[in-house]
Amino acid sequence: MDIEWGSLGGVLGVSLGVTVVVVVMFSLGVAAWSRAESHAGRAGATRHGLLHRPGAVAAAIAVVCFAACLAVAAYGIDLIVPG
Amino acid sequence: MESVTFLLIAVILTALAFDFTNGFHDTANSMATSIATGALSPRVAVAVAGVLNLAGAFLSTEVAKTISGGIIDDTKVSPVMIFAGLIGAILWNLITWLAGLPSSSSHALFGGLIGAVWVGSGGSAVRFDAIMEKIVIPALASPVVACLVALLATYLAYVITRRISGRTVRKGFRAGQVGSASLVALAHGTNDAQKTMGVITLALISGGVLSHGAGPPWWVVLSAGLAISLGTYAGGWRIIRTMGRGLTDIQAPQGFAAETSATAVILSSSHLGFALSTTQVCTGSILGAGLGRRLAHVRWGVAGRIAVSWLLTLPAAAAVGGTAAWVADQGDGGVALVAGVAVAAATGFYVLSRRRPVNPDNVNELPAPTAEGDTVRSAA
Numbered sequence: 049m050d051i052e053w054g055s056l057g058g059v060l061g062v063s064l065g066v067t068v069v070v071v072v073m074f075s076l077g078v079a080a081w082s083r084a085e086s087h088a089g090r091a092g093a094t095r096h097g098l099l100h101r102p103g104a105v106a107a108a109i110a111v112v113c114f115a116a117c118l119a120v121a122a123y124g125i126d127l128i129v130p131g
Numbered sequence: 051m052e053s054v055t056f057l058l059i060a061v062i063l064t065a066l067a068f069d070f071t072n073g074f075h076d077t078a079n080s081m082a083t084s085i086a087t088g089a090l091s092p093r094v095a096v097a098v099a100g101v102l103n104l105a106g107a108f109l110s111t112e113v114a115k116t117i118s119g120g121i122i123d124d125t126k127v128s129p130v131m132i133f134a135g136l137i138g139a140i141l142w143n144l145i146t147w148l149a150g151l152p153s154s155s156s157h158a159l160f161g162g163l164i165g166a167v168w169v170g171s172g173g174s175a176v177r178f179d180a181i182m183e184k185i186v187i188p189a190l191a192s193p194v195v196a197c198l199v200a201l202l203a204t205y206l207a208y209v210i211t212r213r214i215s216g217r218t219v220r221k222g223f224r225a226g227q228v229g230s231a232s233l234v235a236l237a238h239g240t241n242d243a244q245k246t247m248g249v250i251t252l253a254l255i256s257g258g259v260l261s262h263g264a265g266p267p268w269w270v271v272l273s274a275g276l277a278i279s280l281g282t283y284a285g286g287w288r289i290i291r292t293m294g295r296g297l298t299d300i301q302a303p304q305g306f307a308a309e310t311s312a313t314a315v316i317l318s319s320s321h322l323g324f325a326l327s328t329t330q331v332c333t334g335s336i337l338g339a340g341l342g343r344r345l346a347h348v349r350w351g352v353a354g355r356i357a358v359s360w361l362l363t364l365p366a367a368a369a370v371g372g373t374a375a376w377v378a379d380q381g382d383g384g385v386a387l388v389a390g391v392a393v394a395a396a397t398g399f400y401v402l403s404r405r406r407p408v409n410p411d412n413v414n415e416l417p418a419p420t421a422e423g424d425t426v427r428s429a430a
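So the protein sequences, as listed, match chains A and B.
Be aware that the first sequence starts at 49, since it is given in the working numbering, and climbs by one per residue.
Be aware that the second sequence starts at 51, since it is given in the working numbering, and climbs by one per residue.
It should be emphasised that the hints constitute simulated quantities derived from the structure, not laboratory data.
Remember, it's a predicted structure, so these values are computed and weren't measured experimentally.
Glycine included, each C-beta is placed from N, C-alpha and C at the ideal position.
Take these hints with a grain of salt, some might be off.
To be verified - Covered stretches of chain A (chain B as the covering partner; in silico rule of three or more C-beta atoms under 8 Å from a C-beta of chain B):
hint, stretch
1, 57-71
2, 76-82
Unchecked claim - List of simulated lysine to aspartate or glutamate pairs, DMTMM-like, C-alpha gap at most 25 Å:
hint, chain 1, residue 1, chain 2, residue 2
3, B, LYS221, A, GLU85
4, B, LYS126, B, ASP382
5, B, LYS184, A, GLU52
6, B, LYS221, B, ASP411
7, B, LYS221, B, ASP299
8, B, LYS221, B, ASP179
Chain A with its partners taken away, still in its complex shape:
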């Protein structure tokens, strides 16, 4: 009986890589989003009610992070759905 260590290692490597990318991106997205929210709150309390520059950057980072997660999820659905 041989264990296919190669493909088992492959499964571990690929799933580790994909999971870490998704979870890290999502966590960064949540962190950036939280920062954007706090900036937005401060801006509203002060002058024009517009987003501060750092707030806008943080919001953009959050969007990029979540979009990356969605892209991986879409690839996952593509793998699940045959053809």
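Put chain B on the given structure of chain A with help from the hints.
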């Protein structure tokens, strides 16, 4: 001819009953952590899982031809053996459900079939090297791989978000969980409904209704998909409680990490040709998520009980399947007797479960220690 028809109908109904137990046994895999963290309300969660399982059943009919092929010699399988194997799988699924243990439905099915074929055609019809390669090794590897992946992912999620307010983190990851849980449910549907389709198709072939190598007819796909999604919707609340609350205390980031790991492991294993068991992957990833958060409490007693149930699944289902095959082989009367006993046992398990019911309203309460002793006793 008439006896063949009676038997075939019995086989098909039993297969659909198995599919139903498969569904409610495995709702926990995709939804337990989402229910525990409040990402989805219990009733919404099972509805989502049910719909996605149905969708999954229609998306893929690939697995249906191979699932029966590997571990037993298909040419030596009779409808009686399939019937007996299914009975063994159903009864084991119900026993583990009563005890709230997430055992693998595929292993129960394989075990039941192995026992029935062994009794009916002798040990030579069972391919032990294939059992080792397709069941035992994946069973050992699945939880380890999933646990490692989820552990690292959970650890990173907590490191990255440690300066963020708890409320925001909870809100964000709960939203993410809706997506990650849905992916697990969809992947489950494409995998597990195929098993029943494969079994029914195999029965139709061995009964001479379909020619060798034929694919599943449309009504098989439809009824198998409906059975598994209805089972999923019924929700195995006992198992959901064990996986969502019993194993460890799950927070939203852990739930997200566990579900993402489970999806990644299931998909990569099915595409790299190293089949892993969904139930064991999901349990392993919840364990990993528990270990990845510092100070999170993993209840090793619960984990140990789950591990024991995994060890027992194959031989126990095989024993029931073998006994059922021996009785059912005596003719239609035997088949009817086995079916009658199975229905009586299922009713008995249901009545026992009513003594300490677990339902959408109390699924997130911690299991009381007395309840555990009780279920262990009644399962024995």
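A quick look at each hint next to the structure:
1. Coverage of the stretch 57-71 of chain A by chain B holds [criterion: at least 3 residues with CB-CB distance below 8 Å; count 11].
2. Counting residues of the stretch 76-82 of chain A whose CB falls under 8 Å from any CB of chain B gives 6; the rule of at least 3 is met.
3. Straight-line distance between C-alpha atoms of B:LYS221 and A:GLU85 comes to about 13 Å, which keeps the hinted pair within the 25 Å bound.
4. With a C-alpha separation of about 20 Å, the suggested pair B:LYS126 and B:ASP382 falls inside the 25 Å cut-off, and the hint holds.
5. At roughly 11 Å between alpha-carbon atoms, B:LYS184 and A:GLU52 fall within 25 Å of each other, so this suggested pair holds.
6. Note on B:LYS221 and B:ASP411: the hinted pairing holds, with a Cα-Cα distance of about 22 Å set against a maximum of 25 Å.
7. A C-alpha spacing of about 17 Å is found between B:LYS221 and B:ASP299, which places the hinted pair at or below 25 Å, so the restraint holds.
8. The hinted pair formed by B:LYS221 and B:ASP179 fails the criterion: a straight-line CA distance of about 48 Å is larger than 25 Å.
Hint 8 from the earlier list is the only one contradicted by this structure; the remaining hints agree with it.
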